[in-house]
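Chemist: On the provided structure of chain A, position chain B as indicated by the hints.
There are 2 protein chains.
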Amino acid sequence: MAKYTSMEFLRFILFEVHHVETLFEYEKFSHLDSEQAWMIVESAKQLADQEMFPYFKILDENPASYDGKGGVKTHPQLKKIIQGAAAQSWIGGSAKFEHGGLQLPEMIFNTGHHIFQSANNSVQGYLGLSTGSADLINSFGNQLQIETYVPPIYEGRWQGTMALTEPQAGSSLSDISTSAKSTENGYYLVKGQKIFISGGQHEAVENFVHLTLARIEGAPAGVKGISLFIIPKYRPEKDGSLTYNDVYCAGDFQKMGQRGYATTHLSFGDNDDCRAYLVGEPHKGLSYMFQMMNGARISVGQCAASVAMAAFQSSLQYCLERPQGRSASEKDPTKSPTLIINHADVQRMLFTQKSIAEGSLSLAMECNKLYDQVNGSSGEVKENLLLLLELLTPIVKTYASEQGSRSASLAIQTLGGYGFTTDFPVQQHYRDLKIMSLYEGTTGIQSLDLLGRKVTMQNGKAIKLLMNSIENDLKSSLHFETLIPYCTTLSNELKRMERVLENLSRYLQKGEVERYLSDATVFMEMAGYIIIAWQWLKMASVSAEKISESDFKSNSQSFYKGKIHTMEFFFKYELPHAEACAKTLEDLHTLTNVKNQELFH
Amino acid sequence: MAKYTSMEFLRFILFEVHHVETLFEYEKFSHLDSEQAWMIVESAKQLADQEMFPYFKILDENPASYDGKGGVKTHPQLKKIIQGAAAQSWIGGSAKFEHGGLQLPEMIFNTGHHIFQSANNSVQGYLGLSTGSADLINSFGNQLQIETYVPPIYEGRWQGTMALTEPQAGSSLSDISTSAKSTENGYYLVKGQKIFISGGQHEAVENFVHLTLARIEGAPAGVKGISLFIIPKYRPEKDGSLTYNDVYCAGDFQKMGQRGYATTHLSFGDNDDCRAYLVGEPHKGLSYMFQMMNGARISVGQCAASVAMAAFQSSLQYCLERPQGRSASEKDPTKSPTLIINHADVQRMLFTQKSIAEGSLSLAMECNKLYDQVNGSSGEVKENLLLLLELLTPIVKTYASEQGSRSASLAIQTLGGYGFTTDFPVQQHYRDLKIMSLYEGTTGIQSLDLLGRKVTMQNGKAIKLLMNSIENDLKSSLHFETLIPYCTTLSNELKRMERVLENLSRYLQKGEVERYLSDATVFMEMAGYIIIAWQWLKMASVSAEKISESDFKSNSQSFYKGKIHTMEFFFKYELPHAEACAKTLEDLHTLTNVKNQELFH
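Here the protein sequences line up with chains A and B, keeping their order.
Those letters in the first sequence? Residues 0 to 600, per our numbering, in order.
Those letters in the second sequence? Residues 0 to 600, per our numbering, in order.
It cannot be assumed that every hint is accurate.
Because identical chains share one entry, a pair is satisfied inside a single copy or across any pair of copies.
Said to hold, decoys possible - Listed below are the simulated DSS-like cross-link pairs for lysine-lysine, each with C-alpha atoms no more than 25 Å apart in a straight line:
#1 Lys560 / Lys594
#2 Lys494 / Lys582
#3 Lys509 / Lys190
#4 Lys72 / Lys56
#5 Lys334 / Lys474
#6 Lys463 / Lys381
#7 Lys330 / Lys509
#8 Lys381 / Lys56
#9 Lys223 / Lys78
Since the hints were made in silico from the structure, they are not lab data.
Note that the coordinates shown come from a computational prediction; the quantities given were computed from them, not determined experimentally.
Pulled out of the complex, with its shape left as it was, chain A reads as follows (with noise of 0.2 Å):
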């Protein structure tokens, strides 16, 4: 079967570099240890193998499908792909024993969900909203809520969906429209549409649980009035039977990519009879669907990564086998062509590849234990590690996505004519990608979300809890000699990180917001390269430590100097760009405050 993932490169960011080990010391994960924690992991890569994988491109050539009347046909084997995943626990695994989960940690779950994600993204969105929109309801909901809602979806029999973007708001979310009245029974009485609702009607469900947003009438404008809402498509009768809730599917958009995966425009209330569940206090509900909504773009960015690692198997692979062409040096025709893969230009593209897609994946598991850390503490403790994963949240889903697609483009580019046509995966992977930048939140809106707010909350403290962490790594890098001069280029990185802060904060200080903001997408790239280039030092620095050991118990000798090479390649390559961006975000010019729109004809 081909390669989609690296069970070694799993093994190594999770024992290795984050240390899943130390969260088995938490009250909370104290029934896990790692033997038992990389079978649960394997045992994901079995279901992926046999029931998505094989899947992978029949789903992309028969795309979910508007019927006319309200359904969306699905692929058949959806169903098998839920219940299995759901049979494994691959829904509600990361929930508390009391709601039903395994307790596992993030860490774990997501390293399944990952594998997923890079055997067949287009399915595994399905599994990981329902998680999403359960956990909401753990979170939020009340006793009755949990006990109708969550079970169902965690065996894999109910759907559940984020219900947010509206048609006239898109991504803003403070004209959300749709109105919730309330009624003497409890429940309220929703009418509005939604778009771009994935997993929104399918085949392979009995029922779906919208967690949506809406206006109670009265409320006040903005996001300040919105709250959050469960909304049932068919509502769960005091006998166990399920009533039509007025929710109507009115399409499902044809896109160019994630074909598998349905997304649906959803109608609420046509007939002045749908009923909705305030979860938790009214107005609150942004706050709340934030939580899913953070978790969801911490595994966009993770799934970014994943389409990328699964692109640069198959590209490593085709690399491997085919030969064409000779050395600069070698003018012989006669002699037999080399392997591609010896090629300096191929050995560029894929450095390139693994350096993004292996990169971008190591801070996706940053992230995931920074959560199951923020879970395990309390206090202070807890305090700073959210805010460090609340600062890593918008770059790791838009690194993963911005890089990740030019990174599939090099996958096809390795493959040469062949990798544009749908004889192989690199096309559908390339097309996949696209979505992932413009998933809960756009990269321009992640990105004043890092500027604006991240980096200048509690007076930036959580750039500063960055900076110490980062440091700190550094400290054991700089025990191995070949790595020092890579030390110097971060510090030198983040310096210049800092500088560019300060310089832009002076606008902050002038009460020019929108000048401060005004290049935060260049911000967000230089970030993001700075970021990844910690991830590898702290990759290449474990494995510094493996070679000078001599611990090949794990991983080979050539799998750990495959990662200092890819670290330094990675600081050659890449992270030069870092400073062009640096460039741009100190050029006192303002070239986007354009009023009259003639100057872009």
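Modeler: Just chain B now, with coordinates in the frame of chain A:
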């Protein structure tokens, strides 16, 4: 109708930046004047509006497909398009009068083709291939060949193609194995397989003329033993009838983009009756083919620029119509949303697209002009112009295709989630564009050509000519005070490029060819930024002049201001990445000559 290119911009680069009217002084083009030339361009626009653009999405949704028995089904509109274009001389228009053409400069002819490319890039390929094939016969064929094959191609009744690639050889033309056996009757019998033959079989013409590379039995190994043949699918008999010539279409590749464009697998001589007619002398096929190939490379570059232009125009239109969100300083959610074009990040995405699309179109026009000048000149002047053209050819091909994909990605991004759906054309532009970095030599091949051949030919004469040409343009920019800083920046970039080349050439002096070439693609990326900066400064200089003279006969003041603004944007946001490339190129650490394949795992 939606806009897919800008006639204002075409008029600007044709008449004001690259001065097509100077060509009319050559005898070859003396039958033309500016007014006529522009009328010809406008006729292309009308044709594209009526027959091509309305079928852009339709052809994507009804891809060329193999019928299982030698035929490729194509949309019926294709015939109308080819015949319509032929009737207006858009196949043979650039040929000499004696060959049945209109003796149009490439500048005019290719401006027409730019319009077709931006309207519907899948169909322009059929036309462009026919033009190139007939040109090749005109240049190197004998009188009988010209009389037999060229007229039906120009009339749109026969399709010309280029048949180079073989399954086992890919980009490595020295490994071509299709064999040609000489016969007593003057023709050769050919046997072999060719893949990725664009337009190699479809329903819109009566016959196909494959310009094919094959190896005459006993020929030397490698590229020095390749000959060029005309191989018709149906060979014309003396009485004018057509006999099947044993050319069988064995399949049609399904692709992620350009789905309306047939990409065939051809099998020659399955029944040992495939007659081939030698063009020119034996064993010189590759050098002949390179005439067509060089033209095709410029054309692919221009096509990439054109598709990026179409995506930009779609994106701009959306941004001018879509209200969403508010400015960062506007806290009142009851205020109406603003048009998204007023958001800084959206402006950044639009100007990035504009700078890439228009910048590379201007470079394509520079190449078209050089082509015309070469054909109109003689002696040393001609030789120098040709050197310059040869140097710029891989750059326009690569910059436009690589950055064009990035540009189309930003077009999707401006539309948010909608951009990923098939309801909007930008995702098709993105898919279509990806092939451009693979056609006619991948980015890796172009980069080897640039650094390995073009930069070194005649002791670096081409690069000196380029520097002179740029320095010359800088002189006129220096008249405008506001442009002086940009002249200085560009001048410094040129110096940096010279220094990088000097450093790289040390490897060459030491005989380390492979090391010299190992980062050719990074050098290409750097050169691309600098060359496009040159084009922008050229456009800004003309614009500054128009503004200073208040000469707004052709275009508005805002139009010219927009050009200067976009130049400034390119220098702030894009050009700094040239320095990052230089840093990589000057890093002495060699990382892409790995022998141990385990390092990739």
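Chemist: Against each hint, give a clear statement of whether it holds in the structure.
Modeler: Outcome of the hint check:
no.: 1; hint: Lys560 / Lys594; result: between (54 Å within a copy, 12 Å between copies)
no.: 2; hint: Lys494 / Lys582; result: both (14 Å within a copy, 19 Å between copies)
no.: 3; hint: Lys509 / Lys190; result: neither (44 Å within a copy, 76 Å between copies)
no.: 4; hint: Lys72 / Lys56; result: both (17 Å within a copy, 23 Å between copies)
no.: 5; hint: Lys334 / Lys474; result: neither (50 Å within a copy, 51 Å between copies)
no.: 6; hint: Lys463 / Lys381; result: within (16 Å within a copy, 62 Å between copies)
no.: 7; hint: Lys330 / Lys509; result: between (65 Å within a copy, 18 Å between copies)
no.: 8; hint: Lys381 / Lys56; result: neither (43 Å within a copy, 53 Å between copies)
no.: 9; hint: Lys223 / Lys78; result: neither (39 Å within a copy, 59 Å between copies)
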